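Number of protein chains: 2
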Amino acid sequence: MAKITIKKIAHDLKLAVSTVSKALSDSHEIGTDTKQRVLDYANQMNYVRNAYASSLKNSRTGNIAVVIPEVADSFFALAINGIETIAQEKKSHVLIYLTQENQAKEKSIMEDFRNGRVDGILISVAGGNTSYPHIRDLQERNIPIVFFDRVAQGVTSPRVVTDDFESGYKATHHLLEKGCKRIDFLSLSGNLSIIDARLEGYKKAISDRGESASRSHVIVCTNDNVHNENILASLLERKENRPDGIIASVEKLTLITYTVCTRLGISIPDEMKVVGFTSLPSAALLQPSLTTITQPAFEIGQTAAKLLFELLEKKSKQSPNKMVLLPSLLHERGSTQIKT
Amino acid sequence: MAKITIKKIAHDLKLAVSTVSKALSDSHEIGTDTKQRVLDYANQMNYVRNAYASSLKNSRTGNIAVVIPEVADSFFALAINGIETIAQEKKSHVLIYLTQENQAKEKSIMEDFRNGRVDGILISVAGGNTSYPHIRDLQERNIPIVFFDRVAQGVTSPRVVTDDFESGYKATHHLLEKGCKRIDFLSLSGNLSIIDARLEGYKKAISDRGESASRSHVIVCTNDNVHNENILASLLERKENRPDGIIASVEKLTLITYTVCTRLGISIPDEMKVVGFTSLPSAALLQPSLTTITQPAFEIGQTAAKLLFELLEKKSKQSPNKMVLLPSLLHERGSTQIKT
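Protein chains in written order, with the working numbering: chain A, 1 to 340; chain B, 341 to 680.
These are computed hints drawn from the structure, not numbers from a lab.
Any given hint might turn out to be false.
Once the Cα atoms are required to be at most 25 Å apart in a straight line, the calculated PhoX-like pairs of lysine-lysine come out as [claimed, not checked]: (1) A:K252 with A:K105; (2) B:K445 with A:K306; (3) B:K362 with B:K347; (4) B:K431 with A:K107; (5) B:K430 with A:K105; (6) B:K430 with A:K107; (7) B:K445 with A:K90.
Because the structure is a prediction, the values reported are computed rather than measured.
If we strip away everything but chain A, and leave its shape as in the complex, we get (with noise of 0.2 Å):
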């Protein structure tokens, strides 16, 4: 295929390469008539400009980055169907980056973004973090970050979140309400906002109650399911002390929760009560129904790719503490049914 040339064009059309190349920047210094011309011909020659080459000069890229922990986790999936609908309108590319919940790749995957491959950052911060260097170092560079569902914390700038503390004392209450005498909480090791949240509205609950959350009842979860399943397993196999309400802080705790009770024979919800945080579909469908905690997750992915996209547009700095509070629900369903 015969490569077209700015300089081919600017020929074929009498126009100077100078014009060729403004019309096709778009400039305002060209008038529409040239500009449609110049658009046409180039159409019809099936001409392709080189996006590193006009990158240098435009300082956008048409590429939003969304960095995220997994994809394998329903909340994740359906933001991103959240953000594409906006970035959609926008005309601009999505490209995911997954950190895996791992800190070094999290900060290996930022530090490229400060040679301009993308415009813009939506993220939801790896586990693990206590300090974000590489986050700041992009902010100095005036690359617009705005966080969702899990923020960095200490770090200022724009956020979609949701109400982690007010849905962790929901899903205790409602546990409470179920009768239930010991409630533990499934945490995720890792410094994470929204963990730390729902915890707090867990042992606030608790408190209300007039009885003290006490350190024993938080079961610290890791990333390996294999060893999450074992941890699990050696608290549901004690003949005393067993808890009989599990809140399953993030949609994968919830599906190990289900799977150690059908190893060991313990019917949810006459012997355990389970609440879940997680928007999977299949919640509904699961044997008993799952009672959940569920986050707006599109709404959350829309509300965050808006936001960044007005930072992108007004090429001004928003106010960097915006902050966007989108409530979560509490689906009640069979997981903590009460015997009747």
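Following the hints, complete the assembly by docking chain B onto the known chain A.
Positioned in the frame of chain A, the structure of chain B alone reads:
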């Protein structure tokens, strides 16, 4: 932050600008000692190369693209995890692009790759395509492409697939063995290689049984879940000629089958037996647990990524007919159990 340029590094180290530039590009023209001196100093000064500028000179971007219809599907979520393990070894970034099962979007994404955004592409094509000029175009530009799972029919490129025909056969044979008299096949509209093969397997199993596979037993669904629920509900509400077995050829149709049966009070497996093509982690936890055809999603992703890096590293053409076939497994569970 003061900008560190190649010129500044050259000045400080008393080297020619071209020497520094070549050292940073790891050119064989520069000796190891000098290279190390330049790299150490550049790191010390926190020097960042402009990705676009260096991409113009080098031919590699360090990015590979994964183009898939959606992420809210366990097959793709697991395949991505497989791809990530290989990309991490190769220190490549994985950029995930979603076509949302939309041919125009797939075309637009692929056109964008003409400009050199990525080194190579792993793709599972969107439904609805009947020809693939956007893929052939990239092939002509020598951008390596590996298909995984859903291949572009009629396009020659390395591919990693599963035994869809055999799986369709196996699923149908299993339902026949369990006594089903009328098995309906839930298909997805579009020209999808995987669905076509699964359907052929289904037809063959029916005809091997001495029955004829009339077209009426194939229910063509779309990407609109509400529409699919309505189609399925009107099928299952019938008093006469209702199927007693269903093969859901993709994951989302499996969950819809469960939802509609629950709503209509049709008991699975007593009145309706179900086999779903899915890698859902919750399959064993559904009510009842789901008999599945499970693809080796993680391995498919890994293998496809390995093939792509072989193409990239050899910088030579691998056999374009290369095909790796990884078999799927039938997991028998509650949804196809015979009443005892």
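Restraint check for K431 (chain B) with K107 (chain A), where alpha carbons must lie at most 25 Å apart = 13 Å, holds
ask   = Quick one, are K430 (chain B) and K107 (chain A) close enough, alpha carbons at most 25 Å?
value = Between K430 (chain B) and K107 (chain A) the Cα gap is close to 17 Å, so the pair holds against 25 Å.
K252 (chain A) paired with K105 (chain A) [C-alpha distance capped at 25 Å] = Roughly 21 Å between the alpha carbons, so the hint for K252 (chain A) and K105 (chain A) holds.
query = Does K430 (chain B) pair with K105 (chain A) here, judged by a C-alpha cut-off of 25 Å?
reply = 13 Å, holds
request  = Measure nothing beyond the straight line between the CA atoms of K445 (chain B) and K306 (chain A); if it is 25 Å or shorter, mark the hint as holding.
outcome  = With Cα atoms ~20 Å apart, K445 (chain B) and K306 (chain A) stay inside 25 Å; holds.
ask   = Keeping to a limit of 25 Å between CA atoms, is the pair of K362 (chain B) and K347 (chain B) held or broken?
value = Roughly 13 Å separates the two Cα atoms, so the pair holds.
message = Would the hint linking K445 (chain B) and K90 (chain A) be met if the CA-CA limit is 25 Å?
response = 13 Å, holds
In this structure, none of the earlier numbered hints is contradicted; all agree with it.
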